[in-house]
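Protein chains: 4
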Amino acid sequence: MTADTVPSPVRLKAVAGPSQPDATPALERLYRGFERELLVPLWTEIGDLMPRHPRSKAAPHLWRWDRLVELAAEAGRIVPVGRGGERRAIALANPALGGRPFATPTLWAAIQYLMPGENAPEHRHTQHAFRFVVEGEGVWTVVNGDPVRMSRGDFLPQAGWNWHSHHNAASAPMAWIDGLDIPFSYYTESQFFEFGRERVSTAEQSTPERSRSEHLWGHPGLRPLSQPDSPVATPLLAYRWADTDKALADQLVLEAEGHAATLSPGHAAVRFTNPSNGRDVLPTIRTEMHRIRSGATTLPRREVGSSVYQVFEGSGKVRVGEHTWAVKRGDMFVVPSWQAFSAACDEGFPGSLDLFRFSDAPIFEALHAHRTVSTEFE
Amino acid sequence: MTADTVPSPVRLKAVAGPSQPDATPALERLYRGFERELLVPLWTEIGDLMPRHPRSKAAPHLWRWDRLVELAAEAGRIVPVGRGGERRAIALANPALGGRPFATPTLWAAIQYLMPGENAPEHRHTQHAFRFVVEGEGVWTVVNGDPVRMSRGDFLPQAGWNWHSHHNAASAPMAWIDGLDIPFSYYTESQFFEFGRERVSTAEQSTPERSRSEHLWGHPGLRPLSQPDSPVATPLLAYRWADTDKALADQLVLEAEGHAATLSPGHAAVRFTNPSNGRDVLPTIRTEMHRIRSGATTLPRREVGSSVYQVFEGSGKVRVGEHTWAVKRGDMFVVPSWQAFSAACDEGFPGSLDLFRFSDAPIFEALHAHRTVSTEFE
Amino acid sequence: MTADTVPSPVRLKAVAGPSQPDATPALERLYRGFERELLVPLWTEIGDLMPRHPRSKAAPHLWRWDRLVELAAEAGRIVPVGRGGERRAIALANPALGGRPFATPTLWAAIQYLMPGENAPEHRHTQHAFRFVVEGEGVWTVVNGDPVRMSRGDFLPQAGWNWHSHHNAASAPMAWIDGLDIPFSYYTESQFFEFGRERVSTAEQSTPERSRSEHLWGHPGLRPLSQPDSPVATPLLAYRWADTDKALADQLVLEAEGHAATLSPGHAAVRFTNPSNGRDVLPTIRTEMHRIRSGATTLPRREVGSSVYQVFEGSGKVRVGEHTWAVKRGDMFVVPSWQAFSAACDEGFPGSLDLFRFSDAPIFEALHAHRTVSTEFE
Amino acid sequence: MTADTVPSPVRLKAVAGPSQPDATPALERLYRGFERELLVPLWTEIGDLMPRHPRSKAAPHLWRWDRLVELAAEAGRIVPVGRGGERRAIALANPALGGRPFATPTLWAAIQYLMPGENAPEHRHTQHAFRFVVEGEGVWTVVNGDPVRMSRGDFLPQAGWNWHSHHNAASAPMAWIDGLDIPFSYYTESQFFEFGRERVSTAEQSTPERSRSEHLWGHPGLRPLSQPDSPVATPLLAYRWADTDKALADQLVLEAEGHAATLSPGHAAVRFTNPSNGRDVLPTIRTEMHRIRSGATTLPRREVGSSVYQVFEGSGKVRVGEHTWAVKRGDMFVVPSWQAFSAACDEGFPGSLDLFRFSDAPIFEALHAHRTVSTEFE
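Chains as they are written, first to last, in my numbering: chain U, 16 to 393; chain Y, 16 to 393; chain G, 16 to 393; chain L, 16 to 393.
Misleading hints may appear alongside valid ones.
No distinction is drawn between identical chains; accordingly, a pair holds when it is met within one copy or between any pair of copies.
What the hints assert, rightly or not - DSBU-like, lysine-lysine: derived pairs with alpha carbons at most 35 Å apart: (1) K72 to K28; (2) K28 to K343; (3) K72 to K261; (4) K343 to K261; (5) K343 to K332.
FYI, nobody ran anything at the bench for these hints, they're computed from the structure. None of these values were measured; they are calculated from a predicted model.
Start from the sequences and build out the full structure, keeping to the hints where you can.
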């Protein structure tokens, strides 16, 4: 393929503005030369490429959980699961990203659905992934031979290049959400994939209450001496809801006693971390659980990079840029880069608004490009 | 903007393949539901999103230096330089990336051109940048008030968020190349920009032989105690050709004496590094100089991530995937992710083939996603 | 003070050996000159200074818990606790270290004893410390205003330069062990100390079941977002026995199921770590709990650096260099640098041998001087 | 050896002071019990062990170069060099450290002397070392087969566990100083040693102007791609005086032009660093060169840890704690931990006072125990 034999994809037009050249015949000749040689001047593009601050191509958007589950259940009836398609996963497609299955420019978010007795076949890929369970139970994810139970509130990180499969050992279908860095690795062209066994062994299809990873790594501040270092991603394959719930409740208890423990009044939050080094569970994805007390509102913030939220429990209002939505259990929404965000739990709600969040912040932190600021809504 | 009021950007069609659902009316209804709700199934997309190894959307391509300089010189005659357009920079547009000014999915490469007496106004941006001078002299880049001379063979890194401007103090035009991570920060939506002064002070327009950064940091293995840490990017603003040339020559001398000093027989190489921590000069861009002795050929390799090369000196042949090009001084070409690459210096050439290279490898190393392998051309 | 006015502390004698000079009058004159000028030749000292491997000046030694408690209780009756003496702590003095209160060249180990109603006054020091409770309860340690309960099996790290005091809120005396890096900081001359308040506030004298640090940091893999980084030492002030016991039991359960989880058959072990970064709880002291199943023996090892052990529970035999001791609850012993060590739980013992260990390994790891090897006893 | 069969090394006496027990017969019995059981109470030792700030056991002291050289030359005449004694090195013995060959509690400093044609045999040890040449030339140090020239002003780091020998290829004797961490590794009991070949090969006895390490690593900011990482210690085996001198001169040039480049007016300084990571050349020893302009005085400082200085050139006055000494070329002196230090170059001296310094600061930085403050002399 050369510039001579195919039409150039470059199309240039003179534009008006400071330090822009006059639209003369000479300029036209110059621009045609640029097109022929596959060149584009900075001076016509700088406003788009180098804005004063991030202006996301992605849009804030809300997906309702009942609609997601309804369509996933219908897929459960008519779409098979097996080698080739690999997973019955249905991804959120940000309305401003051209119909691609990208929740944000960097993040994939999908609902996955498995019918009773079904198996999603083993494979591995360099994309990093996690599962989060907003409701249901009965599926085990087998990671490198270690079966991990999935129940409501559980968070299961899944670092790249580990073999994994899913099997539904229950008598009912089960849905959960998958988060991955598929768009990021797709855009940066850094992904590898391999098929595994068609079916894992019977022993690996067992349904233990706790995975081996939890036996080894699930004790606070205690490192098993027999295990190697895990610098890249967490060796702990499940973070159980009982622990997460207790950690959030403890912060609100301390706050009530007058101690500094919350991010702002009524806003408790924990990050899921690699117990071997305290860093994010995955190199490219940050995951957190936020609890907003009845009547409380989080401080509006802007942050470089994008987030996807799922309401785990409760009823409240969230603001994203110019949008305000009333949300409830299971609803998912997107916060694009540098758009202001806050969330509020309904006054008088008998409980709290619990939000699961994942974001691409570790990418920017690793590259020293992360920024976050307090802000206000107009 | 909601899914109800605008046509959905999602368009789904049943496809054939293993574990694909039959194209029934039920499936059609399901897919229409997906479109309405802004959802895309994994099973129709997995081949594109999760390939066995990176398959770059970008194409290998070669730009000839004489054509670049010719068009840049014409731009010098008819396009002004000043606030708004900011720079007379003309970017390589990869033919397979839709006419965008992106040499690769992550890297920007441009020729910049400044007429005698011209000033490119001061600004700063979070995008990381560098200049490399394949020929000419007479321009000084002023970085945070420190004027840095630009001469043939010099490499000038320019970390993000530092104020900088250029002024041509000579009586002839000067061209050089700019490399930046504009596509990466554009795609990940993490960029900030600010305008600086319209014109730097007279003192800053001086033309010293060596910058202050070189006085402080340009001595091998010697750290100035008065200076703060520079963990993010290099504090040394110029890497002079005399040093680079000597380092490459020294490797070939050692090789000739029978010592291990080169990457492979006849292939010397250095990386430009931050003297304060030995890491890449910029968080997102790796920069190297390679010297291939007359008659030698480098070992073919594949690497995650993309590179742009410029021939600094010599005459040789380069292979990129299925392409083979004869190259000479100033020519620039692109190696997309995971495509095989090697270079050879012409037998009998009285000198060596010197290649300047920049790549996005630090991004992948920071995220533990880097891979490189020896390979063969078919 | 000069070499002229006081007798020189240097005393040199000719020694026999390879490459040693003859004991001539000329050599005598030379050695007298060395003494006058405060000089010592390497050639007479090299065997001691540069051995083939570490030959510890310290000796293996065992202290019996019943004797320690008996003497501590007597001290409780006749030695006051208060400002000046600061603590009723009685340190193990290695028999080969000249009567100094040093268990090993780098580690301090003491029994501390507090009578009902007593207060050990607040102070802080740069020496790192911990408490470990082999029996009893009723004392709270107040760290920067956060009261931390001390009960059997609990481990309380105490990073340098934090204010701390102890108060016995029970009606019985309580003993526990203190570990510190006093000898190391004494020898390297790097220590600072400050007195605090004579008595902490009433609120700080409260006796909560869990400290604030546990509310915030005591949840596996969950980081409280409101808290700052703790790179130097652990922010978690108590590691409870219930967690430690469960972690050790879990390893033996996995081993029984055929999985790799123990260091060697029947030998489970955990390290107490900083949950914010997975590193040792203190920069200079490593702390671990080891469980040896009935009938099992650990693999003999040598390690650079020294350790102190306390038997937490069980009955067994330990070998240190040329020594073998039968040990039981509370007994403490020292393993000097590079001496072989193993431990065995008595066959038929209805339980396991649980050993608490602390060592100076982080010092050597930080300086890249750590080594450990498998070995055999002669 | 047990407490029963040998006299206890512990000797306790009641002392007076706040919170000290009365010297009653009961206390006497208690202290005899402590002695028998090898125990020492904290309350009698705390003042010595836990001072308010470091109070060094070492004394400031000055050794005159002419006396060092005179005695070393005499040793050259009557003490052989060879296997067993290993080196003709004569160490500074701090007058307050009991006649041991320790310049400070952690640092060894010696003058080494080699006669024409002599060879110091090959060995290796885990102790880290360096050579610094205040005058003379003609000796090559062979490090892992790479011969390194030694000339006035050159600094040669020698990381632990590398084979090395010295040979004098000139017709005159040569003296230089060795610095090592022998006292630190002796006290912490972490040292290993091995003998090498009796005589290195003829090729290794060559006398090249530049070592292979300099060919590879001696270019500012340029990393040879063929070489592995060197995280522990520097791969560059010689730092040449021409570079060091230029770096110091450059700082004073910038200062004269009004730029921030010196530590204080007239006080330039560089640290010798590992070019592969910018850290200290050795894990336990920091090395620096300081230049004080005629008439200038450095700002008095205290620092945790100890230093040894050698005057490289010039004439001036140094203050260490309560001492003030006039110093000239070659003189060596010790600054103990936390003692105030400053240096001044004589007014009107036609040049500068150049001081080579080494210290144990990396030990404290690695363990987060480093502190330094501005201070004043009384």
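Item to check | K343 and K261: within-copy, between-copy, both or neither at 35 Å Cα | outcome: within (22 Å within a copy, 37 Å between copies)
Item to check | Identical-chain pair category, K72 with K261, by Cα at 35 Å | outcome: Classified as neither; 38 Å inside a copy, 47 Å across copies.
Checklist entry - What label fits K28 with K343 when the C-alpha limit is 35 Å: within, between, both, or neither? => result between (48 Å within a copy, 32 Å between copies)
Item to check | Within, between, both or neither, where K343 and K332 count as close if Cα-Cα is 35 Å or less | outcome: within (9 Å within a copy, 61 Å between copies)
Next on the checklist: My question is about K72 and K28: at a cut-off of 35 Å on alpha-carbon distance, are they close within one copy, between copies, both, or neither?
Outcome noted: Both. Shortest intra-copy (22 Å) and inter-copy (25 Å) distances satisfy the 35 Å Cα cut-off.
Of the numbered hints stated above, the single one contradicted by the structure is hint 3.
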